[in-house]
Amino acid sequence: MNFRFDLIAEYAPFFLQGTLLTIGLSLAGILIGTVLGLFIGLGKIVQNKLIAFPFTLYITFFRGTPLLVQIFLVHFGLVPFLFGETNAILAGIVALSLNSAAYIAEIFRAGIQSIDRGQMEAARSLGMSNVQAMRHVILPQAFKRMIPPLGNEFIVLLKDSSLLAVITAPEIMYWGRAMAGQYYKVWEPYLTAAFIYLILTISLTFVLNRLERRLKTD
Amino acid sequence: MIKVENLKKSFGDNEVLKDINLSIEPQEVVVVIGPSGSGKSTLLRCINLLESITDGHILIEGTDITDKKNDINKMRQEVGMVFQHFNLFPHKTVIQNLMLAPTKVRKVSAEAARNKGIELLRKVGLEEKADAYPSSLSGGQKQRVAIARALAMEPKIMLFDEPTSALDPEVVGEVLEVMKQLAKEGMTMVVVTHEMGFAREVGDRVIFMDGGYIVEENEPKQLFESPQQERTKAFLSKVL
Ligand SMILES: Nc1ncnc2c1ncn2[C@@H]1O[C@H](COP(=O)(O)OP(=O)(O)OP(=O)(O)O)[C@@H](O)[C@H]1O
Ligand SMILES: [Mg+2]
Numbered sequence: 157m158n159f160r161f162d163l164i165a166e167y168a169p170f171f172l173q174g175t176l177l178t179i180g181l182s183l184a185g186i187l188i189g190t191v192l193g194l195f196i197g198l199g200k201i202v203q204n205k206l207i208a209f210p211f212t213l214y215i216t217f218f219r220g221t222p223l224l225v226q227i228f229l230v231h232f233g234l235v236p237f238l239f240g241e242t243n244a245i246l247a248g249i250v251a252l253s254l255n256s257a258a259y260i261a262e263i264f265r266a267g268i269q270s271i272d273r274g275q276m277e278a279a280r281s282l283g284m285s286n287v288q289a290m291r292h293v294i295l296p297q298a299f300k301r302m303i304p305p306l307g308n309e310f311i312v313l314l315k316d317s318s319l320l321a322v323i324t325a326p327e328i329m330y331w332g333r334a335m336a337g338q339y340y341k342v343w344e345p346y347l348t349a350a351f352i353y354l355i356l357t358i359s360l361t362f363v364l365n366r367l368e369r370r371l372k373t374d
Numbered sequence: 194m195i196k197v198e199n200l201k202k203s204f205g206d207n208e209v210l211k212d213i214n215l216s217i218e219p220q221e222v223v224v225v226i227g228p229s230g231s232g233k234s235t236l237l238r239c240i241n242l243l244e245s246i247t248d249g250h251i252l253i254e255g256t257d258i259t260d261k262k263n264d265i266n267k268m269r270q271e272v273g274m275v276f277q278h279f280n281l282f283p284h285k286t287v288i289q290n291l292m293l294a295p296t297k298v299r300k301v302s303a304e305a306a307r308n309k310g311i312e313l314l315r316k317v318g319l320e321e322k323a324d325a326y327p328s329s330l331s332g333g334q335k336q337r338v339a340i341a342r343a344l345a346m347e348p349k350i351m352l353f354d355e356p357t358s359a360l361d362p363e364v365v366g367e368v369l370e371v372m373k374q375l376a377k378e379g380m381t382m383v384v385v386t387h388e389m390g391f392a393r394e395v396g397d398r399v400i401f402m403d404g405g406y407i408v409e410e411n412e413p414k415q416l417f418e419s420p421q422q423e424r425t426k427a428f429l430s431k432v433l
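Top to bottom, those sequences are chains A and B. The first sequence begins at 157 in the numbering used here and counts up by one. The second sequence begins at 194 in the numbering used here and counts up by one.
There's no promise every hint is true.
[Unchecked claim] Just a few of them, taken from the derived set where beta-carbon distance is under 7 Å, the chain A residues facing chain B:
| hint | residue |
| --- | --- |
| 1 | 274 |
| 2 | 277 |
| 3 | 278 |
| 4 | 283 |
| 5 | 288 |
| 6 | 296 |
[Said to hold, decoys possible] Listed below are the simulated DSS-like cross-link pairs for lysine-lysine, each with C-alpha atoms no more than 27 Å apart in a straight line:
| hint | chain 1 | residue 1 | chain 2 | residue 2 |
| --- | --- | --- | --- | --- |
| 7 | B | 349 | B | 267 |
| 8 | B | 300 | B | 262 |
| 9 | A | 205 | B | 261 |
| 10 | A | 315 | A | 300 |
| 11 | B | 285 | A | 300 |
| 12 | B | 297 | A | 300 |
| 13 | A | 372 | B | 285 |
| 14 | A | 205 | B | 201 |
| 15 | B | 262 | A | 205 |
| 16 | B | 322 | A | 372 |
| 17 | B | 322 | B | 285 |
| 18 | B | 322 | A | 300 |
| 19 | B | 349 | B | 285 |
| 20 | B | 211 | B | 201 |
| 21 | B | 322 | B | 373 |
[Claimed, not checked] Sample of chain A residues facing chain B (criterion: CB under 7 Å; computed from the structure):
| hint | residue |
| --- | --- |
| 22 | 281 |
| 23 | 282 |
| 24 | 285 |
Don't read these hints as lab results, they were simulated from the structure. All C-beta atoms in this analysis are idealised placements derived from N, C-alpha and C, irrespective of residue type, glycine included.
Please construct the entire structure, taking both the sequences and the accompanying hints into account.
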C-alpha cells in the first residue's frame, strides 16, 4: 500500500480550519449547553411536578433520540423555521447545545442531589431563602463535583461534532470526506481525521485531569 | 415565647407527632428526652419549619409561623438550630461560615459580620480557627463553630438536636460547656439530648416523649427521681 503523505500535506490547511471549527463548535455547544443545562436541571428538581414535567420531557427527548436525527431536525426544520434559511454552522451550534444541555441537566441534577440534605437545612435554618441557599451553599459545592462529568461531556461532544459533516459544516470530518471524494482515498483522509480527534481528546483529558487534581487539593 | 398547640405531623400514613402541646417561656431551657423514633427531631424540625406540619399551630412570640401569610425565612431567622452532624459549609472557612447568613440575609456589612463572628468564635474558644476550613477541625470544634454560626444570626431561640451524639466522648464536655454558658446568659433553648447530666444541671424542665406524645414533663429533679408514668420509669431505668 502506498500511503500518500503528500496528499495530507496538501489538505493540511483545510484540516487546520476544520480543527478550529470543531473546537469552536464544541466549545460553543458545551458553554451554551451548560447554561441551558443548569436551567433545565434546576427545572427538573423543583417540587412542583407540573413545572418539572416539561424539563423532564426535554431531557427524555434529547437523550432518547440519536444526535444525527436532532441535527437534521435543527438543520432542515428549526433553523429555517426561525431564520427563513438554514446555515450549517448555526444549526450545528444549536443542535450540539440542545443535545448537551439535556446531558448536562442530568449532571447538574445529580450534582445538586449529591450534596447532603443537611447543607440545605442548615442554610434554611439560618434564614436563607431557597435561592440564597442554592446560590451560596449548594451550587458551589455541586459545581466542584460536576467538573469531571462535565469534562466527559465535553469530550463526547467534541467527538460527536463530527456528525455535523453530514450537514456540510466544514469541521474536521467534512474535510476528511472532501479529501476522500477528491482522491478516492480512504486511509489518508480518515486516519488524519482520527489522529486530529485523538490529539484533541487526549489534550483535553490531560487538562481536565490537572484541573481535577487542583480542585481536590483545595 | 414558643407555643405549640395540637401539633400533628404525619409522614404519609405514619403519624409521628400525634398531639403535642407545649409552651416555652423566655430564657427557659427545655430538655427533650425519649426513645429513638419518638418524634423528638421531628418536633424541633417542625418548630423551625424544616418540616411542613400536618395540623395544629406553632406560635413564636405570638406570631403563628404556620400561617401561610407569614414569611418563613423571616421566622427562621429568629430560631437558631444546631444539628447532630454539624452541617458546616465545607467550602467556606470558619469565619465565612459565620458571616454568610448575616451578610446575605440580614444584609449586615462584611466588616460588622466579621467582627461579630470573631467575637462569637472567641466565646466558643475558637478564635484562632477563624481562617481554617471545617475539614481540619475536630468534631467538638465543628459543633462549637456550628453553635457560633447559629448565634451569628442573633436568634431568640436556639434548638439543639442531639448536638453531642456524633462526638467522641472526650470532646462532649467542651460542647456542653458552651451550651451551659449560653443558658446562663439567658438564651431560650430546646435541647434534645441523651446527656442526662446536662438535663439535670442546666434544664429548667425535662420533657419525656414517646410514640408521638409528650408523656410527662417536669423539673429535672422530679422527673428523674420520681417519674409518674410507667413509660417514663421504663425509659429512665434504661438510660440512667
Ligand atoms: N423525612 C421523613 N420521612 C418519613 N418518615 C420520617 C421522616 N423523618 C422521620 N421519620 C419517621 O418519624 C419517626 C420519628 O422520627 P424522629 O427523627 O423525629 O425521632 P427521634 O425521636 O428524633 O429519634 P432519634 O432518637 O433516633 O433521633 C420515625 O419513625 C422516623 O422513621
Ligand atoms: Mg432525632
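Consistency of the hints with the structure:
Taken as an interface hint, residue 274 of chain A checks out: its beta carbon lies about 4 Å from the nearest beta carbon of chain B, inside 7 Å. Checking residue 277 of chain A against chain B: minimum C-beta separation of about 5 Å stays under 7 Å; hint holds. Interface hint status for residue 278 of chain A: upheld, as the beta-carbon distance to the closest one in chain B is roughly 4 Å, under 7 Å. Nearest Cβ of chain B to the Cβ of residue 283 of chain A: about 3 Å, under the 7 Å cut. The hint holds.
With 7 Å as the threshold, the beta carbon of residue 288 of chain A comes within range of chain B, its nearest partner Cβ sitting at about 5 Å, so the hint holds. With a least beta-carbon distance of about 5 Å to chain B, the hint placing residue 296 of chain A at the interface is held under the 7 Å criterion. Proposed proximity of residue 349 of chain B and residue 267 of chain B is supported: the alpha carbons are some 12 Å apart, at most 27 Å. Proposed proximity of residue 300 of chain B and residue 262 of chain B is supported: the alpha carbons are some 23 Å apart, at most 27 Å.
For the suggested pair residue 205 of chain A and residue 261 of chain B, the alpha carbons sit about 21 Å apart, so the restraint of at most 27 Å is met. A C-alpha spacing of about 24 Å is found between residue 315 of chain A and residue 300 of chain A, which places the hinted pair at or below 27 Å, so the restraint holds. Taking the CA atoms of residue 285 of chain B and residue 300 of chain A, the gap is near 13 Å; set against the 27 Å cutoff, the hint holds. Only pairs whose Cα atoms come within 27 Å are accepted, and residue 297 of chain B paired with residue 300 of chain A is accepted, the gap being roughly 22 Å.
As the CA atoms of residue 372 of chain A and residue 285 of chain B are separated by approximately 15 Å, the hinted pair is consistent with the 27 Å bound. Proximity of residue 205 of chain A to residue 201 of chain B is assessed by CA-CA distance (about 26 Å); at most 27 Å being required, the pair is judged to hold. As the CA atoms of residue 262 of chain B and residue 205 of chain A are separated by approximately 23 Å, the hinted pair is consistent with the 27 Å bound. At roughly 22 Å between alpha-carbon atoms, residue 322 of chain B and residue 372 of chain A fall within 27 Å of each other, so this suggested pair holds.
Between residue 322 of chain B and residue 285 of chain B the CA atoms are separated by roughly 12 Å; this keeps the pair inside 27 Å, and the hint holds. Restraint check for residue 322 of chain B and residue 300 of chain A: the C-alpha separation of about 24 Å stays at or below 27 Å, so the hint holds. Under the criterion of a C-alpha separation no larger than 27 Å, the hint pairing residue 349 of chain B with residue 285 of chain B is consistent with the structure, at around 25 Å. Proposed proximity of residue 211 of chain B and residue 201 of chain B is supported: the alpha carbons are some 5 Å apart, at most 27 Å.
The suggested pairing of residue 322 of chain B with residue 373 of chain B holds, with an alpha-carbon distance near 22 Å, which does not exceed 27 Å. Here the hint on residue 281 of chain A is kept, as its CB sits about 4 Å from the closest CB of chain B, short of 7 Å. Hint status for residue 282 of chain A relative to chain B: holds, with the closest Cβ pair at about 4 Å, below 7 Å. Below 7 Å, beta-carbon pairs count as interface contacts, and residue 285 of chain A has one with chain B at about 5 Å; its hint therefore holds.
Comparing the model with each earlier hint shows no violations; every hint is respected.
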